[in-house]
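Trainee: Work out the full structure: start from the sequences and follow the hints.
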Amino acid sequence: MDQLVSFLRLNLYQFINILLAAVRIGSIDGQFIMNPTRQQMQKSDLNLVVSVNPKGHLVMIDASANRLSDEKFFSALEYSIECCLPIIDQIKNLSNKTKRTNIELQKFDNTLVDKITILCYDRVLKVFTNFTFDKIARDTAITAIRQDILNELLLKEEISSTNLSDTFTYVVKKIFRNLIFEKSHRCDGRSFDQLRSINCKINLYQPLHGSALFQRGQTQVLCTVAFDALDSQYRNNDFVWRTGYKRKPFILHYEFPPYATNEIGRAYGRADRRELGHGALAEKAVEPIVPNELPFMIRLTSEVLESNGSSSMATVCAASLALMEA
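If you're matching positions, the sequence shown starts at 86 in the working numbering and goes up one per residue.
It is possible that some hints are incorrect.
Quick list of in silico lysine to aspartate or glutamate cross-link-like pairs, EDC-like style, CA-CA up to 16 Å [as the list claims (entries may be wrong)]:
1. 333 - 372
2. 259 - 207
3. 140 - 167
4. 200 - 237
5. 286 - 410
6. 258 - 224
7. 268 - 278
8. 259 - 199
9. 333 - 378
10. 128 - 114
11. 369 - 147
Rather than coming from a laboratory, the hints here were simulated on the basis of the structure.
Computed from a predicted structure; not experimentally measured.
Mentor: In structure tokens, the structure reads:
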């Protein structure tokens, strides 16, 4: 319902010309259910959220399932499209009856874009084609170029540093995007289908029930496993009210401290929205492999030690290793 209200609200603005609709699909006893209740979802072997455009094309898929065949999953996608199209028609009818708000979107100054491109193109291209650079070295080099360009243009142009910085970022992204399409490789020299080097270690700390270290390129995650009695499983009134679950014997905590991206800040404290979201994603991926008959509670803690993308997927890999080692 929240997604539908958001789509409807956005469509009331003049600059939004794309209609979208979203539904959740469950499956009980082989029958698909549109927007099932929380109680029904506890019996469902599929939890699928899909957004669709007016042409019936899929825009977003979020799903978790227990041993679901490809055929059934594709059938669920087709069913979700059938459910979304009537909703799109209703949103279209409502928006046509309402006066749409016209909002002018701020665009980059083409003249400024051209000036920055001329000044930085060769230097930025040299950074993106230097395959010896890692993430930190590449970011440091781009930051130095940014500062040089800003210092030079601020002396000549009567424009804010924020606008210059945003325009520089736009130009760098454009150069990077064009380079990928022209050369068909990544900025570290890998082809599109080439994986980063992977290293794994298990049983790092003997006192723990289970531990694993997973590293893929410059992304490194340490995952630990702790067992406890079922009486200690997570449950409170707010959790029960929001999810419908009366108990939660499996938890995955995802931690992303600032030093993972070479930054300084408060390493531990209340989790932010990103950490909560990535933790929920990894937990949803790992939970189906945990046997239901285990007589204890399981807590997985994932700490990202270094990050260059896909830390949530590295968490899933490290969690799987730690659970098998435990």
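Trainee: Each hint: holds or not?
Mentor: We went through each hint and held it up to the structure:
Straight-line distance between C-alpha atoms of residue 333 and residue 372 comes to about 11 Å, which keeps the hinted pair within the 16 Å bound. With a CA separation close to 13 Å, the supplied pair residue 259 and residue 207 stays within the 16 Å bound. Only pairs whose Cα atoms come within 16 Å are accepted, and residue 140 paired with residue 167 is accepted, the gap being roughly 11 Å. The suggested pairing of residue 200 with residue 237 holds, with an alpha-carbon distance near 11 Å, which does not exceed 16 Å.
For the suggested pair residue 286 and residue 410, the alpha carbons sit about 10 Å apart, so the restraint of at most 16 Å is met. This hinted pair checks out: residue 258 and residue 224 have alpha carbons roughly 13 Å apart, not beyond 16 Å. Simply put, residue 268 and residue 278 have alpha-carbon atoms about 14 Å apart, close enough for the 16 Å limit, and the pair holds. A hinted pair counts as satisfied when its Cα atoms are at most 16 Å apart, and residue 259 with residue 199 qualifies at roughly 12 Å.
Pair hint residue 333 plus residue 378 holds up; C-alpha atoms about 14 Å apart against a cutoff of 16 Å. Note on residue 128 and residue 114: the hinted pairing holds, with a Cα-Cα distance of about 9 Å set against a maximum of 16 Å. A threshold of 16 Å between alpha carbons decides the hint, and for residue 369 with residue 147 the separation of about 11 Å falls inside it, so the pair holds.
Figure legend: structure checked against the earlier numbered hints; every hint is met.
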